[in-house]
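What follows is each chain in one-letter form.
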Amino acid sequence: MRTLLWKELTEQWRSYRLLITVAVLTAFGILGPVSAKYLPVMLANMADVPEGLAEIMPEPDVSMAVTEYAGNLVQFGVILAILVPMAAVVAERVSGTAEITLSKPVSRGAFLLAKFLAYALTFTVGLAVAGLAGYYYTGVLFGWVPAVGFLAANGLILVYLLVLVALTLLASTLARTQLAAAGMAVAALALLGILGTLPPVGKLLPAALLGWANALALGLPAEPAWGALAVSGALGGGALLVAWLVFRQQEI
Amino acid sequence: MSAIRTQGLRKVFGSVVGLHGLDLEVRPQTVFGFLGPNGAGKTTTLRLLAGLSRPTAGRAWIADVPVGPESPARGQVGYLPEEPRFYPWMSAGEFLAVYVGGLFRMDARQARQRAGELLERVGLQDVARRRIGGFSRGMRQRLGMAQALFNGPPVLLLDEPVSALDPGGRRDMLELIGELKEERTIFMSTHILEDVERICDTIGVLNHGKLVTVEAREALLSRYAVPGVEVEFQADARSVAAWAESARREPGVQAVEVEGSAARLRLDGGPQTGARVQASVLGSGMAVERFQVARPTLEDVFLHLVESS
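Protein sequence lines correspond, in order, to chains A and B. For the first sequence, the numbering used here assigns the number 1 to the initial residue and increments by one for each residue that follows. For the second sequence, the numbering used here assigns the number 1 to the initial residue and increments by one for each residue that follows.
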């Protein structure tokens, strides 16, 4: 397991996936508070802006900065959570690299788990750096938000993204091409989105974590979405379990 | 104890039967040549034995341990796929010492030492630090052999081990396989019959997923030996062809094939036939370069078995 994890992490590093994930999340994490602060100013200074638009723009505040920050991380995090792991299993199976590894005394479960742990670490590092940068820019531009709440909010965003990583890993196990894996992951995301519109179900789905995260980051009172957290854990764990059950039956 | 044993091993891919109940036993310290035309089921058998595929029915054992995707039998096997693929971003040394050594939970210092030895043995010591992504197919095949040997497995499963090598590389690899047979069982599939004839002591022929024969090489060649002689004259092709016409009429001569100044005669095996042919050769008036009892090649036997099965 240690060697498989070493291989996955080294691959993330040498293929620049770790760097790209950190860079994209950090850039858009910073862009949240910066755009909240300067967008109204930019609009006011633009020549061809319809009259009155600048006036009706709300005054930027810390709440807007945090909402922008979280929105950016989720939006680009979702894209990365599909693009980065979509090739994880299918590419190894199709190219034949899995053949040499799995002809050694290595369990297929460890092969999959090492991949998930490496992606989890990549997203954890990405969100940690983005969180530090976003926290700093929000504090400097708008005033400091509670650090513990901001940290907890980032933790919830990480859980949300890891559910998608697990679903993409499952898709990569099931699919015959990387593109098909990405398509399946997008379909799963869309299905979760559709289910989320049903009020009683929506409160229990991973997306409900994002509202909770927003409130925590701002230090506002919010109803904890423990149900959504439990469902997220079950969904992520379930996706990995199904991926393992499928993978152990597959021809390599 | 058998090194490899299969019992009713069957593999079906959709509507295609890749392997029809293979029953096979390979003794330890054997170099087993597994022959068959394309699509005969050789790679399917090797992949089943390597634990990369599950049989539809039947069972297989390596050193009496049942094989399968999660089986400990994989620790007894070194597997070289036909076209081994590696992580292109790793160097050859790193792949062997860190990755393969780590998969076998070998101590880091010991793994580095083993990697160095094997890279030298397969002739890759000078490119140990180069990224595998830049390797030729032949270099990947050599590295594949090194990884198969890493844990010193008692059984080696080699799928076309010399198919990508140049003549020098092929000679080196065959020499290596020859050296290894003293200490291991080698089960190799190949299309190159000359190599099988050179290094394998037992031969199995597979056709359409069915085992046609398994026999010691010499026994197989003698069983299919057809009585005959080969003659080569120091003469022009026209004179040899004229002599061949007369030889064809000799009692007991069943067929004559002429190729340039050489002729191959198939005889009925009767007691006087050989002597009559010798007399005919001597009476031809042509100088004789070579006169020998014909020995069937493995290619003759292989084609005969495959075509008649």
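Please keep in mind that the hints were generated in silico from the structure rather than gathered at the bench. Keep in mind that this is a model prediction, so the values were computed, not measured. Watch out, some of these pointers could steer you wrong.
[To be verified] What follows is a set of in silico ranges between Cβ atoms, one per label pair, in the way DEER data are often shown:
id, chain 1, residue 1, chain 2, residue 2, range
1, B, S163, A, G183, 33 to 39 Å
2, A, I20, B, S136, 29 to 35 Å
3, B, Q125, A, W144, 26 to 32 Å
No residue lacks a Cβ here, since even glycine has one placed at the ideal position from N, Cα and C.
Quick rundown of the hints versus the structure:
1. B:S163 x A:G183: 33 to 39 Å: At 36 Å between Cβs, range holds.
2. A:I20 x B:S136: 29 to 35 Å: Given a distance of about 31 Å, which is inside 29 to 35 Å, the answer is holds.
3. B:Q125 x A:W144: 26 to 32 Å: violated (59 Å)
Figure legend: structure checked against the earlier numbered hints; the only hint not met is number 3.
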